[in-house]
Amino acid sequence: MGLSTEQIPITDTPFEIAGRTLRSRLILGTGGFARLETLAEAIRATRAELVTIALRRIDPSARGSLVDVLEDCGVELLPNTAGCYTARDAVVTARLAREAFATDWIKLEVIGDERTLLPDAPELLLAAEELVADGFIVLPYTNDDPILARRLEDVGCAAVMPLGSPIGSGMGIRNPYNLSLIVERAGVPVILDAGVGTASDAALAMELGCDGVLCASAIARAQDPVAMAHAIRAAVEAGRLARGAGRIPRRLHAEASSPEAGMADLTPPAE
Amino acid sequence: MIVLNGEPRERDGATIAELLADLGVEQRARGVAVAVNGEIVPRAHWPSHRVDAGDRVEALSAMQGG
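For the record, the sequence lines run as chains A and B. With numbering that gives the first Met the number 0 applied, the first sequence covers 0 to 270. With numbering that gives the first Met the number 0 applied, the second sequence covers 0 to 65.
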């Protein structure tokens, strides 16, 4: 796979969260991979530096150690609070994750119902405030609501992670205008989280000005997860480059790209 | 009787380290955390913290997740 920003002579500002520079703008969710070997290959293909994990009851029959595999890949862990419905549960889960993984970073999820898995805004904000006060680097999974994003930033979140569409839906970015409004106002990194179905969704997120993309299902559940991992990495890089390059304005009518002046006169002679 | 990860067990008075051993987890295992009745028990206390009848113990580890 040839495309890579390392080979493109364009300087970009570093991707920084809470003062830490990340070399990849793609964060990989580890959920949904059928085999740990495939997960490891996908991590290498994405070149992700940060990967999410969940905390669940110990399964004595589990084969292979996820933590060992991730350590071999050289990635940093971003534990999540997936499955929590209240601020209290999310805060305790975050503290358990800090104990388990020795990291202050937390992907904060507080969801409202199991049908949509959409964030519960009041609980999310409460949990964010409490975790920030407790010294966590909080990366909240949030609605594509510019006001809520601002409130999360105001309480001290290190980034905001608006959804494109519901988790695992693969519906892409349903409201690009809201995402643009979030990007326009944000003083912290904006990372598209949830909804990516294929590479073009990730490229669009970056073209809209997101600083990064978090992607799990689109890669893990693709027919060929490793090939999709390459595709989405390339799309994130392409979208970032396009954002920096500046797209042309949209217009209703055509604008010729060849000059109108200097056209040959090809009229046949009069009979 | 205590409840370990949702299952009742006759382990009153056991330490957290002993309960983890029941689950096949060593004291030094990475990516493991324990809560008793919703309160975190730090790793350093696993060998000494004993559970009482009625305690709800949650022993958690890393799982794949988005």
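Hints were generated in silico from the structure; no laboratory data involved. Do not take every clue at face value.
Listed below are several chain B residues computed to face chain A (Cβ distance under 7 Å; list not exhaustive) [claimed, not checked]:
id, residue
1, Met0
2, Gly30
3, Val35
4, His48
5, Arg49
6, Ala52
7, Gly53
8, Gln63
Cβ coordinates follow ideal geometry from the N, Cα and C atoms, glycine included.
- [ ] Sort out which numbered hints this structure fails and list those numbers smallest first.
- [x] Hints 1, 3, 4, 5, 6, 7 contradicted; others consistent.
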